[in-house]
Structure formats: C-alpha cells, structure tokens
Amino acid sequence: MRRTLFEGLTHRPMTEAPPRLDDEVLGELASQVDRAARRRLGRSLSIREVDAGSCNGCELEINALNNAFYDLERFGLRFVASPRHADILLVTGPVTKNMREALERTYRATPDPKWVVAVGDCAVDGGIFSGSYAVTGGVSNVVPVDLHIRGCPPAPTEILKGLIALLDAQRADRP
Amino acid sequence: MPAIIDAIAGKRIEDHRPWPRLVVTPDTWRKIANEIAAGRATLLGLWGEAGAFCTVHMAFIEQDSDAIAVVSLECPDQTFPSVGALHPPAIRLERAIHSLYGLRPAGAPDARPWLDLGFWDVKYPLGLRASAADVRPTYAFLPVEGESLHQIPVGPVHAGIIEPGHFRFTASGETVVRLEARLGYVHKGIESLMAGATIERAAQLAARTSGDSTVAYGIAFAHAVEAALQVKAPPRAQYLRALMAELERLANHFGDIGAICNDASFALMHAHCSILREMVLRAAAACFGHRLMMDRVVPGGVATDLRLDGVASLKDALKHFRRRFPRLVELYDNTASLQDRTASTGIVGAELAQQFGASGYVGRASGRDFDARKTPGYAPYHELEFDVPVLTAGDVNARVWVRIREVEQSLALIEQIIERLPSGPIAIALEGGAGEGLGFAESFRGDVLVAARLDGARIVRCHLRDPSWFQWPLLEAAIEGNIVADFPLCNKSFNCSYSGHDL
Chain A
58 MRRTLFEGLT HRPMTEAPPR LDDEVLGELA SQVDRAARRR LGRSLSIREV DAGSCNGCEL
118 EINALNNAFY DLERFGLRFV ASPRHADILL VTGPVTKNMR EALERTYRAT PDPKWVVAVG
178 DCAVDGGIFS GSYAVTGGVS NVVPVDLHIR GCPPAPTEIL KGLIALLDAQ RADRP
Chain B
15 MPAIIDAIAG KRIEDHRPWP RLVVTPDTWR KIANEIAAGR ATLLGLWGEA GAFCTVHMAF
75 IEQDSDAIAV VSLECPDQTF PSVGALHPPA IRLERAIHSL YGLRPAGAPD ARPWLDLGFW
135 DVKYPLGLRA SAADVRPTYA FLPVEGESLH QIPVGPVHAG IIEPGHFRFT ASGETVVRLE
195 ARLGYVHKGI ESLMAGATIE RAAQLAARTS GDSTVAYGIA FAHAVEAALQ VKAPPRAQYL
255 RALMAELERL ANHFGDIGAI CNDASFALMH AHCSILREMV LRAAAACFGH RLMMDRVVPG
315 GVATDLRLDG VASLKDALKH FRRRFPRLVE LYDNTASLQD RTASTGIVGA ELAQQFGASG
375 YVGRASGRDF DARKTPGYAP YHELEFDVPV LTAGDVNARV WVRIREVEQS LALIEQIIER
435 LPSGPIAIAL EGGAGEGLGF AESFRGDVLV AARLDGARIV RCHLRDPSWF QWPLLEAAIE
495 GNIVADFPLC NKSFNCSYSG HDL
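Going down the list, the protein sequences come from chains A and B.
Using our numbering, read the first sequence as starting at 58 and increasing by one per residue.
Using our numbering, read the second sequence as starting at 15 and increasing by one per residue.
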C-alpha cells in the first residue's frame, strides 16, 4: 500500500488537466463551471441522482464523473446521499409508473431553489420505452425539468457540459 | 444421455432451435418440476405467453448430460401446477407470471404479486388484461417473530448512484434477522414492447434490458434470432462479439472490485480500479465507437468493424492493465483491515448456489462452475483457451477473488482474440422467416437467456431472463446473521441487476 500511496505523490495525476489551452473541451468546462457555480451558490453545488427506471447505463456514466479522469469534485460539484442536501436532481430513465411516486416525493424533499436535469434519451420522452403500459414517458411528465441531456447513455463529458449549460442559463436569468 | 428429456412424452415443436421444445401435459410438467427439485436438472427459466391459450414455458438443463430443453404447458383454465411449491427458486418467477399474465400457479406457497406494485392502470398487462383496482392493495412483507426486533425500510431511492429497489430489514440489535427485497420499480414493460417489434428495434430493446450487460444481451438476443432463422454470424463477427463481451466483463469487474472495497471504506482501491475501468471504456470507444458498445452487436453479426486506431489504444490499455492490476491485487490481498471486512462476510452455501442455479461470480464463489461460454458453449469460445475460476468459501472475499481471476482470464482472451481475429464480412443480411430460438450469453454477472419467436421480420414473443433472478434471493440468505453495516458490502459483491430483473 505504501508504494501505491507514494506513487500518488510523485506521479502526475490521471486527472485530465483543468484549464489547459490545448485541452479545448474539458479545459474550457473547468473554468466555466468554477465561475458559474461560485456565482450562483457560493462554492459548491450538490447533486442527488435518481434512477427512475433507467437500464443502468446512465448510472455507469454518471458514476464515471467521480473517477480520476473527470474528478467532478474539483469543479465544486458533488453527489450527495439525500435529496434534502441537494440543489440539483439528476434524473435518469423513462420514469416507470412504479417510480413516479418515489420521484415526486424525492422532488418535494429537495429544498428550493432546485433544478432538475433529465439525463439520457429515455428521460426526455420515454425514448425506446415510450408506449409501454409501465412508463409515464419522460421526466417532464412528472416533475418540471430545467434541462435535458441527450445520449444513450451520454458520455461523462456530455453530462458535464449539460450541467454547465444549466448554470449559464440560471446566470443569464438573473437581473 | 439426456435421460430426463428422452423420457418426456410430449409434442415436439419442429421449428424450435437449437434445443427441443415440447408441449406437455400437467402431469409431465409436474414430473419435470420434481426432477428439478431433486437436483437432477437445473431451472434455467420460467415464463408465460399469451395466445389462443395462455402458455407457460420452463427451460432447464440436465445435471448429468448438460442437455437443454424447454417444456410448455397450455393453460386453458388459466392455471398451472406450481413449480415453486416443489422448488423455491421458481417462486418469484411464478409470482411474476401471475402478475403479468394472470395465470395462477396452483398450490404455490406465495400468492403475493411480483413486479406489479399497484401503480399500473392495467392488471395482468401481458395476458388476461383487466382494470386495476382503484385502491392500491397493501403488500404484506413476510412475518418475523421474536424479542426486540426492529425493521429498517430502505428504498426504493437509495443513497448512492444506483438503481431503485426496496429492502426490508428486520434486525435484532445490529444483526440482520431477515432481509426481504421488493423489486419491480424499474419495470418498463420491455416484453410488451418486444411483441410486434422489428428485429432491429427488438435488438435495441434487448440491449437496454440491463445497460451494464448490453453486449451480453445483444449476443444472447442475436443467438436466439439466429437460431430461429437458422443462420450464423460470420467468424469475424463472432470474434468481435467476444472481444466486446470480454471488454464489458473487464470494465464491470474493474469497477466492481473497486466499489466493493469502497463499501468497506477502502477508497484507494476504488480510485485505482475506476481508472482501469475508464481506460477500458475509452478503448471500447476507440475500437467500436461507443463506450458501452451499445447496439454494436446485431442479429446476423456486428454493426461496426474494429477500428484500426482502436487496436493500438486497446493494446496500450492491455499493457497498462498487465502492469497495474497485479499491484492492486497485492494491495487487496495485503490489507488486513480490508480482508477483515470481506472474509467470512455474506456467505452463500454451495447447496443453495446449486439449488438456485446461481451463475456468474455468485455461483462460482460457492462452488458452482457453470459458465455459458463453456456449457452450452458458443462461438468463438471453443477456439479460445480460458479457465473458469471456481472457489468454495462463498463469502464476499471469494466473490472478489473470482472476479480477480476472471479479469486475468479476460485479459488473456482479449489477447488471443486480437491475435486470431479472422478476416471477412462482419455481418450477414437477415431475411425474415418463422421460427423459435433460444440463446445464451455469459454476461459478467452470469448467464443471460433469451427465448424468441419470429414471424417474418417481426418478433412475436421474446422473453429475456437475467441471471439476477437466481441471485437476488441468495443475497437475502447471504446477509442473514451479518450486521446491517455489512449490507452494502454484500450487495455490491453480488451487484445484481435491478433493470434486468424488473424488465
């Protein structure tokens, strides 16, 4: 263990560089999130993830945001265990009828101001699952959605981009 | 010799492939259930179907001969002899048949609904169809009796970035006396969407049954359709499918080995394993254009050929894994505080694993060596060298070690596949046709079974059985007598699919 820990001190981090000129996408995102998040909510923004019927593909990619390559927390964004600690609900899946009530209750448990981000193609309108007796057909049928992030599943970078777009929109709304 | 199957008196369905399907009488149905209960055969699946008559199907594999068959029983009076009454692993499957079709398993020990949580507008949506009750019926969890017991309800919304399900713990102090899961929250009605779908759309649905096993589902579905239509994917496609399947296995095992350690509060392993997982996904994207390789396996072959620049990045990643992974294994093995949490925690006995026909690392950590790549086996694995690691301790530690050994096997398999990859076409065009097919694939979690019936270019009926069906009940057995705080650890070491189970 000692060797692994020491290596962590001496080797370059895996984390893809925040603002680095040659790293267009992620570098640009890093500085943007930082600025926008600070202006809106001080130093941090808490996210509560709710799986409302996804195939678990979106969960895999959302989880990936925590790995060393994306290191979500350096942007001041972090996942929390309770909706009561959250600013953003990140909702996946076509919202099955069996999850509708749980999603509504999670939404109500989240304090204002709050935003809802629907992640994945099926969260937009039910996607490939629309028409089934068992799905409501999209997150916006159940709770108000501020932003949709498309993809099946969206790659971690896409999810990150979406979160920034939301922050920018909120910033523009303010007088 | 397939002794049980040979002895079945029943009408053989001619266009069911590659294994026989026989329409049987209730007596024969009971006889097969008895054979399974006696351990002479293992239950592979149990599902319903609507039609002129509602029908129930039961797939099994014989213990001695590894012969596979499906028996079907028509249910003109909407009832069938319960298999669960003789063989507990069938209970939830039968409850699901009742909730989805309205067919009643006569003599069943548990009549409570399954998957139907009372939120649908329609009752028995795939079969008899009736209006749902106005008032949602209450669900009675199994009773628990004893001094000073308390209950802890958890879910459906959990604390992490994971799928939803409800767990009802009854504890005495810190010790779990009983865990009962209630699942169905992510039921999407996939089998209803399958009916009437084109092969192409049905393949996309199959690929989204459980996102972490999208490649395996793609392969199992393709095997079923190809069997029904009596075609075979070209050799290059078979090798590319295997390459994707092994990448999927690697990614999941890396991710889960780390996540299990994380649930024992050992974040260092998690951090390093997440890096390896990300590298697999990036290599997959470089090779096939999608990180999870979704929709890359299609009936008839594969949708995209291996990209040349992808091979180079895959080889780089393999080199990195060969260097880094042994170090992480050593770290796991030499950290006493971590071993203290995983060793002797959440034990599944060998008998239970055998009875439930548990596959994947859950079965293999408890002495059951079943692997669909070997039995019944499918191309190209018969041309590749690999071992199926089996351990007997049955605890969290054993499940971790099986995964570690499987990582090593998958690395070797990927190297063989790259070396031996045949040239040629990557797919054949499918002409429609009528027929029925059964297909298997070994996902990282265990064997996926798909049964499909086709008419023309459309799916008439398709059933998808996730390995989790036979693993979820074992989780309840594994946690008994352990402390509540060890549940996340046990649960992660199983990592059953909610979506694959709920359909």
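Please keep in mind that the hints were generated in silico from the structure rather than gathered at the bench.
Since the structure is predicted, the reported quantities are computational estimates derived from the model, not experimental observations.
All residues carry an ideal CB built from backbone N, CA and C; glycine is no exception.
Among these hints, one or two may not hold up.
Mimicking SDA-like on lysine to any residue, the simulated pairs with C-alpha atoms at most 25 Å apart in a straight line are [to be verified]:
1) B/Lys137 with A/Thr61
2) A/Lys218 with B/Ala299
3) A/Lys171 with B/Lys329
4) B/Lys137 with A/Lys218
5) B/Lys329 with A/Thr61
6) B/Lys333 with A/Ala159
7) B/Lys137 with A/Arg60
8) B/Lys137 with A/Ala166
9) A/Lys171 with B/Lys137
10) B/Lys329 with A/His68
11) B/Lys137 with A/Ala159
12) B/Lys137 with A/His68
13) B/Lys333 with A/Thr61
14) A/Lys171 with B/Ile289
15) B/Lys329 with A/Ala125
16) B/Lys333 with A/Gly194
17) A/Lys218 with B/Ile289
18) B/Lys137 with A/Ile185
19) A/Lys218 with B/Lys25
20) B/Lys137 with A/Glu161
21) A/Lys171 with B/Lys333
22) B/Lys333 with A/Leu66
23) B/Lys329 with A/Phe126
24) B/Lys333 with A/Val199
25) B/Lys333 with A/Arg69
26) B/Lys137 with A/Ala212
27) B/Lys137 with A/Asn198
28) B/Lys333 with A/Gly184
29) B/Lys333 with A/His68
30) B/Lys333 with A/Thr67
31) B/Lys329 with B/Ala350
32) B/Lys333 with A/Met71
33) B/Lys333 with A/Arg60
34) B/Lys329 with A/Ala212
35) B/Lys137 with A/Glu158
Residues from chain B that keep clear of chain A, each with C-beta distances beyond 12 Å, as calculated [unchecked claim]:
36) Gly225
37) Met293
38) Leu306
Hints and how they fare:
1. B/Lys137 with A/Thr61: Violated, at about 56 Å.
2. A/Lys218 with B/Ala299: Holds, because 19 Å separates the two Cα atoms, which is no more than 25 Å.
3. A/Lys171 with B/Lys329: violated (45 Å)
4. B/Lys137 with A/Lys218: Roughly 42 Å between the alpha carbons, so the hint for B/Lys137 and A/Lys218 is violated.
5. B/Lys329 with A/Thr61: Distance of about 24 Å is within 25 Å: holds.
6. B/Lys333 with A/Ala159: Violated. B/Lys333 to A/Ala159 sits at ~45 Å, over the 25 Å cutoff.
7. B/Lys137 with A/Arg60: violated (60 Å)
8. B/Lys137 with A/Ala166: Given that 25 Å is the threshold and the Cα spacing comes to 31 Å, the pair is violated.
9. A/Lys171 with B/Lys137: violated (36 Å)
10. B/Lys329 with A/His68: Measuring from Cα to Cα gives roughly 22 Å; hence the hint holds.
11. B/Lys137 with A/Ala159: holds (21 Å)
12. B/Lys137 with A/His68: violated (60 Å)
13. B/Lys333 with A/Thr61: With Cα atoms ~18 Å apart, B/Lys333 and A/Thr61 stay inside 25 Å; holds.
14. A/Lys171 with B/Ile289: Answer violated: A/Lys171 to B/Ile289 is near 32 Å, above 25 Å.
15. B/Lys329 with A/Ala125: holds (21 Å)
16. B/Lys333 with A/Gly194: Not satisfied, since the Cα-Cα distance of roughly 44 Å exceeds 25 Å.
17. A/Lys218 with B/Ile289: holds (21 Å)
18. B/Lys137 with A/Ile185: holds (23 Å)
19. A/Lys218 with B/Lys25: Outside the cut-off at roughly 59 Å; violated.
20. B/Lys137 with A/Glu161: holds (23 Å)
21. A/Lys171 with B/Lys333: Judged against 25 Å, a Cα distance of about 45 Å means the pair is violated.
22. B/Lys333 with A/Leu66: holds (23 Å)
23. B/Lys329 with A/Phe126: holds (20 Å)
24. B/Lys333 with A/Val199: With Cα atoms ~48 Å apart, B/Lys333 and A/Val199 exceed 25 Å; violated.
25. B/Lys333 with A/Arg69: Roughly 19 Å between the alpha carbons, so the hint for B/Lys333 and A/Arg69 holds.
26. B/Lys137 with A/Ala212: violated (38 Å)
27. B/Lys137 with A/Asn198: Distance of about 22 Å is within 25 Å: holds.
28. B/Lys333 with A/Gly184: violated (39 Å)
29. B/Lys333 with A/His68: Between B/Lys333 and A/His68 the Cα gap is close to 18 Å, so the pair holds against 25 Å.
30. B/Lys333 with A/Thr67: holds (21 Å)
31. B/Lys329 with B/Ala350: violated (34 Å)
32. B/Lys333 with A/Met71: Holds: B/Lys333 and A/Met71 sit about 17 Å apart, inside 25 Å.
33. B/Lys333 with A/Arg60: The given pair, whose Cα atoms are some 20 Å apart, holds under the 25 Å limit.
34. B/Lys329 with A/Ala212: Given that 25 Å is the threshold and the Cα spacing comes to 22 Å, the pair holds.
35. B/Lys137 with A/Glu158: Between B/Lys137 and A/Glu158 the Cα gap is close to 19 Å, so the pair holds against 25 Å.
36. Gly225: violated (3 Å)
37. Met293: violated (9 Å)
38. Leu306: Per Cβ check, B/Leu306 is inside 12 Å of chain A; nearest 6 Å; violated.
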